[in-house]
Structures are given as structure tokens and as C-alpha cells.
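Participant: For the record, the sequence lines run as chains A and B. So the number in this note's numbering is just where the residue sits in the first sequence, counting from 1, plus 6. So the number in this note's numbering is just where the residue sits in the second sequence, counting from 1, plus 1007.
Worth flagging that the hints you see were computed from the coordinates, not collected in a lab. What you are looking at is a predicted structure, and each value in this text was computed from that prediction instead of being measured. The beta carbon of each residue, even a glycine, is placed where N, CA and C say it ideally should be. Accuracy of the hints is not assured; some may be wrong.
Said to hold, decoys possible - Okay, the calculated bits of chain A under chain B, using three or more residues with CB under 8 angstroms as the criterion: (1) 270–283; (2) 317–330; (3) 410–420.
Unchecked claim - Dumping the calculated DSBU-like pairs for lysine-lysine here, alpha-carbon to alpha-carbon at most 35 angstroms: (4) Lys1155(B) x Lys380(A); (5) Lys1117(B) x Lys224(A); (6) Lys246(A) x Lys1117(B); (7) Lys1117(B) x Lys305(A).
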Amino acid sequence: MSTYASPTSQKTTLATPQNRVGFWDEPLGYPQAFVTVVTALIIGLFFHVRIGYRVPIPFSVVAWGGGGYALGLALVASRGRKRPLIKWVSGVPFAITVIVATGFVALIGAVVPASVLAKTLGVPSLFSSYPFWMLLFLMQTNLIAVTARRTLPLTRKNISFVASHLSLILIIFGGGLSGVSLERNRLLLSYGQANHEAITQEGARIALPFSMTLRNFKLESFPPTLALTQRDVHAKEGLKTTPGTHFLKPGQMEQIGDYRVRILQYLPGAALVGDRWIATNLPTAAPAAQIEAKDIHGKDTFTGWVSCGSVDTAGAILPLSGESALVMPSLRPKEYRASLSVSEQGKQAERELRVNHPLSIGDYRLYLLSYDEKMGAASEYVLVEVVRDHGIAVVYAGMYLMLGAVALMLWNGVGLERKEGQA
Amino acid sequence: MNYAAQFTITAWLAAIGTYAIGKNRQRWGDLFTILGVLAGGLWLGWLWVSLERPPLRTLGETRWWYATLVPALGLLIGWRFQTRALAIPACGMGVLFASINLRHPEAMDKTLMPALQSAWFAPHVIVYMLAYSALSLSFGIAGWTLAKRYWRKEAFITSDVDLPHRLVLIGFPLLTCGLLFGAFWAKEAWGHYWTWDPKETWAFLTWSAYLTYLHVRVRHALLPRLNLWLLTVGFVTLMLCWFGVNYMPTAQESVHTYTNPG
Chain A
7 MSTYASPTSQ KTTLATPQNR VGFWDEPLGY PQAFVTVVTA LIIGLFFHVR IGYRVPIPFS
67 VVAWGGGGYA LGLALVASRG RKRPLIKWVS GVPFAITVIV ATGFVALIGA VVPASVLAKT
127 LGVPSLFSSY PFWMLLFLMQ TNLIAVTARR TLPLTRKNIS FVASHLSLIL IIFGGGLSGV
187 SLERNRLLLS YGQANHEAIT QEGARIALPF SMTLRNFKLE SFPPTLALTQ RDVHAKEGLK
247 TTPGTHFLKP GQMEQIGDYR VRILQYLPGA ALVGDRWIAT NLPTAAPAAQ IEAKDIHGKD
307 TFTGWVSCGS VDTAGAILPL SGESALVMPS LRPKEYRASL SVSEQGKQAE RELRVNHPLS
367 IGDYRLYLLS YDEKMGAASE YVLVEVVRDH GIAVVYAGMY LMLGAVALML WNGVGLERKE
427 GQA
Chain B
1008 MNYAAQFTIT AWLAAIGTYA IGKNRQRWGD LFTILGVLAG GLWLGWLWVS LERPPLRTLG
1068 ETRWWYATLV PALGLLIGWR FQTRALAIPA CGMGVLFASI NLRHPEAMDK TLMPALQSAW
1128 FAPHVIVYML AYSALSLSFG IAGWTLAKRY WRKEAFITSD VDLPHRLVLI GFPLLTCGLL
1188 FGAFWAKEAW GHYWTWDPKE TWAFLTWSAY LTYLHVRVRH ALLPRLNLWL LTVGFVTLML
1248 CWFGVNYMPT AQESVHTYTN PG
């Protein structure tokens, strides 16, 4: 146990006037790292002002240029590991300065809405801007240099270090490849109509090497619940809502706020005909329930129908005493799926698309994004996101390697690693 | 809910009292802690079965996990590293978060939006709750040490950081796992592993804060006060990521809107 020592008495890379001639003379440390980071940010801003927010960079430039830079730097760093510049650029002060700077830029993006940044700075996404990319370049430089310095000889002691840093190199490099190659297009599929034209994020139309047709759309919703709404000037939008928790079924009792509510009748699909609710199995039917609500403090009892309504049927609420009512909130989707015909190079196949279950067609991955929420189960179209990402394999390699690295770190953290001299 | 919460709070309060009374009653303290953890665990298990989904959707539900995991982790790490320093803070945090849930009861229902119906959902949130628990305990010890040293006007010593650092070595890998599981899940659900959504950005900031701490710890192990302050900054970032992001101007741009403020 050592006592607290003042910062001046510690080993530090802070330069002192006695042991240096110029700013970039040894020892290099935090001030030089700070100047480097600020310079990188200024260069990034210069790019932004002179050539715009984001100019398309060819994939090959990032792949070969980035790969070449990484290999070259790794070679230089491993052969010249004792050179002051390599020691500095791979050192902890440089790493800390870059991480903190990246954190500060990310903090702006975390607090200021993207729409405000786009309006004021002309930057739709701070994280795709040149200044942020410059910081990632510095981080990558630090990571490559330190990994190259520490990899050989590879021992049990440094394997966790090497794996964690190498995994970050792969993730950032893969992220860079994704950044210049990612295609996120939207494909609108209507019933019975083949479509192969997707809309890019910039609003342009592009032709896909396959076409798709929506054959069937199924939407399953959770059964409805009830909620008590009361006028409350202090609440958001002047209404206080107390949600019920039970899915509706005949005979069910539930207390919501100051009312004991009983379900007298429940129709999963209903339509209002005149002043009566009748059961129907039309796709645009709405759930409806006849309920009885008793005030637990008084003797008032209210009976009536409630429904969330649908595109064809108006909803219904049950007014209670005072300025309150029992309502049926809109149905929440449980699952939706689309049956599709996929036509590619003259071959036809039937496929099904669900949320969390993407489809792969060639280089493309397809995700079910949304449907016509107003029409619900009667939606006549679905929106599919068509993604192509040439950096994904590198990113995934990095993420799996990082999982291994953190497993080792956890093993060491819990103290299960073998100590020196142990069998 | 009230009975489960009241039982767990009572058990952990009894544990705190027992730990505080004296060293020869530690086993009774452990027993009370275990009883509280078991009650909390049974309550979460019952919720999982009755809601027919993992009770990990809302802030209130995640607070239950946190309230149960912090004392459990405090006990396990205490046994592993032969320390009693975590016992009272762990139970104290459990009491605090269970009390918040008791004070602000949430209406729990069975609904779960399609994007959350993924095999990644439970591992992602549970591993995060474990990470948050370890890092909160780290902050608990760091904050207590800072307050104690400043109050008594004592010098900081390097061993002040030993236990909080050990907890970061457990919490940080779990935090990284949480990030990675979230990225794998996002790729399956939305088509891209990282979109700089406000919640993701705050998760990155939390991770960066602890990454900075780990690097500072390597370079400046002889600056215990700086290390302890960095742990405090890390914990504040973590709390902003967990709760605060819902109240920020960027919240409306987040797809993580299912975490309604509870």
C-alpha cells in the first residue's frame, strides 16, 4: 500500500522545459496528442467546408488504401517499436486523448437532435462527418501501432490485449468499408404486383437484380386491453391515462383506477350496424366489448360498449362520472409476416419474410420494415428494406474476436487466471 | 408486487442492520441478503411466466432485475475476493431501486412488439443489467471513498482503487457483451448493426468512459483520486444512458421508445 503521491512526483510523459528543445522533441505525450487531435479536427472541418458533407469515396480506395496503410504501419511499428514516434503514437496518452475527443464529439450527437445539426451545420449525421472520421483514423492508427508493437511474441499474457485491440481494428476498418458501401434501399411491395425498383436513402430509384411480389400479408395483434382516461391539467396533453393490464375476455374482472370493470361480452371482430355491435370476420373488423364499470367509492354503475375502431368502423368509449371515460387503446401488433414470390434470373421461389427473420438473396439481405398501419391486417402493401453491406464480414469477424477477448478479460477479472508459478 | 417488494426490502434492510452491528453476525447478514435475492428472483420468475414474455421491456422491469442482481453480485464478489466492503452498498442499492419501483408502480402487460421478439432480447438486457450492477457497485465504493477521504481530509492511497477496479474488470467485459449482443440483434431486426441511435450513442459514451478509465488506470495507477473521479463520471454516463436519454431532446429520434419512463 503506497501513499498518495502528487502528480509531479510521478512518471509522466509531460515534457518539461529542462529536457526538451522544441515542442515535438522527446518526450512526446499529452500536449502533442492534443495538438494532433485538434489538427485532425480542423482538417476534417476544412474538408467539410471545401468539399461538402460527404463525397462518395470508392470502396476500393478505403479497402486497399486502408488495408495498405494498416499493413505498412504495422510493419513500421513492429520493426521500430523503440522509436520515440512509434512509442508515442501507440502509447496510452495518445489513446486517452483520442478516446476523450471522440467521446466529446459523440456527446454532441447524443444531446443535439440530428435535425438541428442538419439545419445549423449542414451535417445530417455527425458520425458520418469528416471530423469524426478523422478521429477514427487517429484511433485506428493508435490501435494498429500498439497491436503491432505488442503482438510478438504472442504469449498467454498478452493474448487478451492483442485480441481486444485487433478486434477494434477490424470493427473500425469494417465500419469504414460499410460507411462507403452500405446500401439501404426500400422496396414497396403491393399485392400481386412484381417490383424490382427500390428507393435509395437519397430518394433515387435503382434496379435490383431480382423482383418480388407480395402474395399474402398476415397481421396478428395482441388482444385488446382497457384504459381509464381522466382530464388532468397537469398531465401530458391534459389527459391522465391509467392502463388496464388484462387482455379482454368474457366474464373477466379488473380494477382500473377507481372502477371495477367486468367484461359482459367480447367480440374479437365486430362492426357497428345502427346502434348495435355485431360479430364479423371482415379484415377491417374492430374488436368491441360490452363492459360494466362500478365506482368503488360510490354506487354508480355504467354499462356500454367500447371499441378501438378500425379503418371502416368508428371507435366507442364509455363515459363515466366526471370528466373520465373507459376506452380501448389501439391494438398492438404481435407479429406480421409477408409471403412473397421472388424472381431471380428466371427462377421463381416462394419465400416468407418476418421481423427478426431476414431473407438473403445473393449479396442482399431483406428485412420486413412496415405495412399500412391504418389498414392493419387489411394492409395492401408492405415495405421491405433491402440492404447490401460489403464491410459486414470484417465487422462480424471483429465482433466475434471481441467476444473472445472480453471472455478472457472477464476470466482474468474474476481472478480465475493462472498465476505465475502455478501449475 | 407489493408483498414481494416489501419482503425483499425488509430482508435487505435486515441484512444492512446485521452487517452494521458487527463482524460476528456476517453470516446472518448473508442469509438475509440471500432471502431478499431469492424473493426478488422468484418475483422475476413469476413475472416471466405470468406475462408470457421476458420481464425486461420497461424501465420498471429492468429496475427489478437491477435491484435483485446488485445484492446477488455483491454477495458473490464478496465471497470470491474475501471482502465485506460490498455487503452494505449492495443491499442499499437493492433497497433504493426496489423502493423506487414500489413508489412508482407500473402497469405491466403481456404485449411485446415484434422487434423485441428475438432470441437476443433476454441475453442483451440481462448481461447489461449484470454489467450495470458491477459498475454501480464500483461507483458505490468509489463514491464512498471519495466522500470519506474529503470529509476526513485524508490523503488518497492507491489501494483505494483496488476493489472498484476489480469490479470494473468484471463490469466492462459484460458491458461490451451487451453492446455486441445489441449489435447482432439490431442487424437481424433492422438491417444494420449500428445506426448511432441516441440510445446507442449513449451506450458508446458509457463504454468510452470506462475505456478511458481503464487506460488512465494503466498509465496513472498512482493517481487514485483521478481514478475514483473517472469511475464517478463513468457511472453518471451509465445512468444517463439508462434513464436520462428518455428526457433528452434526442429521445424522439430513438427507436428505443419501448423503454417508457416508469
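Participant: Please go over all the hints and tell whether each is borne out by the structure.
Facilitator: Here is how each hint holds up against the structure:
As drawn, the stretch 270–283 of chain A meets chain B at 0 residues by the rule of a beta-carbon pair under 8 angstroms; below three, the given contact is violated. Figure legend: the stretch 317–330 of chain A, annotated as covered by chain B; annotation inconsistent (0 residues with Cβ-Cβ distances under 8 angstroms, at least 3 required). Here the stretch 410–420 of chain A counts 7 residues with a CB under 8 angstroms from a CB of chain B, which clears the bar of 3, and the coverage holds. Between Lys1155(B) and Lys380(A) the alpha-carbon distance is near 60 angstroms, which puts this suggested pair outside the 35 angstroms criterion.
Of the pairs offered as hints, the one joining Lys1117(B) and Lys224(A) holds, with about 21 angstroms between alpha carbons and a cut-off of 35 angstroms not exceeded. The suggested pairing of Lys246(A) with Lys1117(B) holds, with an alpha-carbon distance near 22 angstroms, which does not exceed 35 angstroms. A C-alpha spacing of about 32 angstroms is found between Lys1117(B) and Lys305(A), which places the hinted pair at or below 35 angstroms, so the restraint holds.
The structure fails hints 1, 2, 4 (numbered hints given earlier, in ascending order).
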